[in-house]
Structure formats: C-alpha cells, structure tokens
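Undergrad: Read off the chains here:
There are 2 protein chains.
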Amino acid sequence: MEKSLTSLQNPRVKGFAALKDKKQREREQLYLVEGVRAVDTYLSCGDILQTLIYDDEIPLPDVALDLVFAARKKGIEVLPVGTNAIAKIADTEHPQGVIGVARMGDADWRAIVDEGEGDATVAAAPLLLLDGVKDPGNLGALLRSAHAVGCTRIVTLPGTVDVYSPKVVRAAMGSLPSLQIARMTDTFEELGARLNEEGYRVIGTDLDGTSLYEEDLTGKLALFIGSEADGLSFDASDLCERMITIPMPGKTESLNVAIAASVILYESLRQRLVRK
Amino acid sequence: MEKSLTSLQNPRVKGFAALKDKKQREREQLYLVEGVRAVDTYLSCGDILQTLIYDDEIPLPDVALDLVFAARKKGIEVLPVGTNAIAKIADTEHPQGVIGVARMGDADWRAIVDEGEGDATVAAAPLLLLDGVKDPGNLGALLRSAHAVGCTRIVTLPGTVDVYSPKVVRAAMGSLPSLQIARMTDTFEELGARLNEEGYRVIGTDLDGTSLYEEDLTGKLALFIGSEADGLSFDASDLCERMITIPMPGKTESLNVAIAASVILYESLRQRLVRK
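If you're matching them up, the sequences are chains A and B in order. End of the first sequence sits at 275 in numbering that gives the first Met the number 0; the numbers just go up one at a time, nothing left out. End of the second sequence sits at 275 in numbering that gives the first Met the number 0; the numbers just go up one at a time, nothing left out.
Everything labelled a hint here was simulated from the structure, so no lab data went into it. There could be a bad hint or two in this list.
Any copy will do: because identical chains look the same in the list, a pair fits if it lies in one copy or spans two.
[To be verified] Computed cross-link-like contacts, PhoX-like style, restricted to lysine-lysine with a CA-CA straight-line distance of at most 25 Å:
id : residue 1 : residue 2
1  : 133       : 166
2  : 250       : 166
3  : 73        : 133
4  : 13        : 219
5  : 250       : 219
6  : 13        : 166
7  : 87        : 19
8  : 250       : 73
9  : 133       : 21
10 : 166       : 22
The shape of chain A in the complex, shown without the other chains (with noise of 0.2 Å):
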C-alpha cells in the first residue's frame, strides 16, 4: 500500500498544487485534471495520465475506488494523499476525491495545419482558429463542443487563455485527449502563409458578413472565433477571406462565443451530412 502524503509541505504536494500556475505547468509539462468523470476519460486515452491522486481520509465512492483500480492496474502511479492535501491542490472545492496528474500534449501549429492534406475525413471538418477567447468557461465549453461535432484541429493564437488551466480543462469536460491542440507563438504572416499554401478558406465572424446559412462550410476550411468582447483582432481579420453572421432576429449584440462556435460549428457539420 502507498504511503499516504498528508504534510501540506511534501514537496510533491506542493509541486501538483503549484500546476494552478501557467509557468509551473510549462516547467513540469503537466496539469490538473479534477473530477470523477474527468478522470475516467483520461484514463481511457492511452498513457496520458502521469499519476491519480486520492484522498484517503475519506471513504472515497466506488466510482471513485474504480478508477485508483484501474490506474493500478494501468501501471500509472497512484499517490494517496490527505484531505488538506487533496483541498490544497484542486481548483475547485470539491474535487471528488480524485485529481489526474496529466501530461501536457501540445501539438505543432503546422502539423495541424498541414494535416488537411490527404485525409478526407480530417479535410472535412473545419480547422479552429481561437483568436483571444479570454474566458476559461467559455473555452472549455468550446472545446467541448469542438470534440462532440467532430473538429479536432485547434489553434490557440496569442491572448487566448491556457487550454491547460484548471477552469477550462473542468469545463472541457474530459474534451482535451481527444484533440490536437497547438497554442502557436509565432506570427500572423506566418499562419497566413500556412494556410494559404495549404489552400484553405478562411472564415471568420462579425456583425456584418454573410448569413451563416448562405455560406458552403463544407470543403477545406479554417474557421476564426474571436474573443468575447472584441471579435476578432485586425490581425486575424485580415487573414479571412469571407466574413460570416449569424443570424440575431431577436436583435441582441451577441451570443456568447462557445454559442456561437457550436452554432458554426454545427451548421458546418449539418451542410457536409446534406452532401455526403
């Protein structure tokens, strides 16, 4: 049986509470997953889990116990901790019992670009653009709904939030494994090129564009969601060759953006079921 970590200054204690932090996170290439649900999901793609901690103060429920079986049996590591331990280390209030140590798997931004080629079926949903997207729920959800249509190629440009931290991976809802996710660093000019070179139709979002009902989605497709209060950057802007809307006959300003991007994301889906 393994030793139970209880000391709130165990430094392994200290290190998984400390991947709350962006820079820890991209020191030690981990991060937090929190939850029973989530946690199974992991668990269920491959090796991504590095460790399964639980809190053995408590009598943890089976679906709880199930899963420290199953990392065992797994071969991950599994570290019993205490309950201050466990509190000190989540984000959330009540984690369940269970937190995943997971390993980062950030993908090349040009992999993922260039991945359009040749494969029809990753040809047919469209590659993600997240220009800014500032809210960890918002992302999440987005994220979320990106694995349930289908569309597993996403880009994260500068001034979007960390797809690691803890608030978007809760709200991925076990999402992240099942993507191909680059946060790019460099340029614009250079994502341009990229996509131009690889033949992509760029769309992007305002309030002015065509109906989102007149546009073909289907095809090879680059798709730019912008951030909740501003849309999209001049930069990215830039890059789109047709600008779509979605249609507000209430009259509101907006939709809220992980909305929006499903709503997008989806009447794509739709158009490429109508044609297969």
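Given chain A's structure and the hints, the job is docking chain B onto it.
TA: Here is chain B on its own, set in the frame of chain A:
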C-alpha cells in the same frame, strides 16, 4: 442632488443586498441587474427599472454616468451610495459602479402557451420548456441565445434555477426584459393537457432520438430542454411526441446544455428561413 447612502446598516442598502436571496426577491418582486451594458439595455426596455444605484465615491466612467443621466431623465429613482454599500449589494466583485433594481415581469404560463395561436411570427419560434436546468451560467447563456434567435416564450419548470438570481441575470446579458418568462408551479399533467389542447408538437431531446437534421422543426413546436446531469425528467419525456438527438460524431457523451439548446433553436430558425 440625492444624498448618498454610505451606511451598510441603512435599511434600503440592506433591502437591496437581500435581493440576492430568492425569498426576498419574491417578497419585493424585484431583482438586481449589475454592470453597465446590462443596465443600459434595461433602461431602454420600458419602465422595468425601479431604481438605479450608483457609486458616488469613485469617479464613474462616462458610460456609467450616461446611465445615471438617462435614468434621471426617465424619472427613474437614482440612488447614490458609498463604495462599501455597492459592494454589499452586488453579487459580482466588480459591479462597475452601477446596479439596477428591476421589477420582475413574470408571465402566466397558460398565456404564453396560448399565444402560439393567431400570431404567425410568434407561432414560428418554438415555445421553450426548461425542465431542471440547474447552473445559473447555463440558464443565463441559454436565455441570451433564445433572445438572439427570436424565441421569446419561455416556461421554466420546477427544479430549474430561478431566472432572477444574479448569476442568471448576468449571463443573460440584458435579455430578460425582451423575453416572456413564466415560472410554472403547476403539474406536468396540466401543462401536457394545455399543450395538447393548443395543438403543439412536443419535442424532447435524448441520446437515441431522430437526428436533429432529419426532424421538421418548423410549425407549432414546444421544445423541452432537460437538466445538465440527468437530461429530461420522466414527467417531461412522457409529454414528448418526438425525441431528437444532436449528432456527436466525436463520440462524446454530451454537450453543454446551453449549447445544445442553442444548436437546436438555430436549426429550427434555419429551417424556418429556408421554407419562407
């Protein structure tokens, strides 16, 4: 010039702060609206605002000052308070210096259901029945989408979070005054009988229904949306004539409930636009 209320013990300050509590809201038939943009929207919606509270101990930004002037011009009570008092009343950490106190505008669910008759525009957008949406952020985002897509008739069923709670109001981004919302407390039998009588096609969502894209979502439609964790209640499912499913080629378990509802409402809009 109004005299500023700075004491946290002032009965009016205490009374407004108590509106964060549902019981107090019901008693006073008032609720709080925080933030410059939301208050601005409320100001342009008839006489829904009873009072505008503002912080007179800080230099207000111009947008907030404009609201104070506009409220005075409309004859709405304007109440300067201290920064501490604003902080006590507000639910958010940064209320931007202004808080509106709005009159609840509960609609009668029978009137909302009956309204499907006669007016073709109203009949065209589905009647939305919310069956146990629990998260305030989700309900708010859903109401914002409903407003955007022109779906203005909404009935919340028992188990749904209160639409006037501060987090719902905030996420709804000023949509509430443009919607007719009824909080039903009668039985599902009564609701079912009325829907039937009025000739609605009642549609619910589950995991093995007809694809969203193969269902006719035009005409006189009532759409049930279930809870985040459990979907539709047994009682609600029982009233549904048809079940639809949002395709998830990504093999996820589910979408965020506000996103799922928005995707369905937008597909219904698309079908109505195409058939016009």
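Undergrad: Against each hint, give a clear statement of whether it holds in the structure.
TA: Evaluation of the provided hints:
1. Proximity of residue 133 and residue 166 under a CA criterion of 25 Å is satisfied in both settings, with 12 Å inside one chain copy and 19 Å between copies.
2. Proximity of residue 250 to residue 166 under the C-alpha cut-off of 25 Å is restricted to the inter-copy arrangement: shortest distance 22 Å between copies versus 31 Å within a copy.
3. For the homomeric pair residue 73 and residue 133, neither the shortest alpha-carbon distance inside one copy (36 Å) nor that between copies (36 Å) is at most 25 Å.
4. When the C-alpha separation of residue 13 and residue 219 is checked against a cutoff of 25 Å, the pair qualifies neither within a copy, at 46 Å, nor between copies, at 58 Å.
5. Proximity of residue 250 and residue 219 under a CA criterion of 25 Å is satisfied inter-copy only: 22 Å between copies versus 32 Å inside one chain copy.
6. Within a single copy, residue 13 and residue 166 get their C-alpha atoms as close as 19 Å, which meets the 25 Å cut-off; across copies the closest is 33 Å, which misses it.
7. For the homomeric pair residue 87 and residue 19, the shortest alpha-carbon distance inside one copy (10 Å) is at most 25 Å, but the shortest distance between copies (30 Å) is not.
8. Only between protomers do residue 250 and residue 73 lie at most 25 Å apart by alpha-carbon distance; the minimum there is 23 Å, versus 53 Å within a single protomer.
9. Taking identical chains as interchangeable, the C-alpha atoms of residue 133 and residue 21 lie at most 25 Å apart only when both belong to the same chain, with a minimum of 15 Å there against 31 Å between chains.
10. In the homo-oligomer, the alpha carbons of residue 166 and residue 22 lie at most 25 Å apart inside one protomer (16 Å), although the nearest pairing across protomers, at 31 Å, exceeds that limit.
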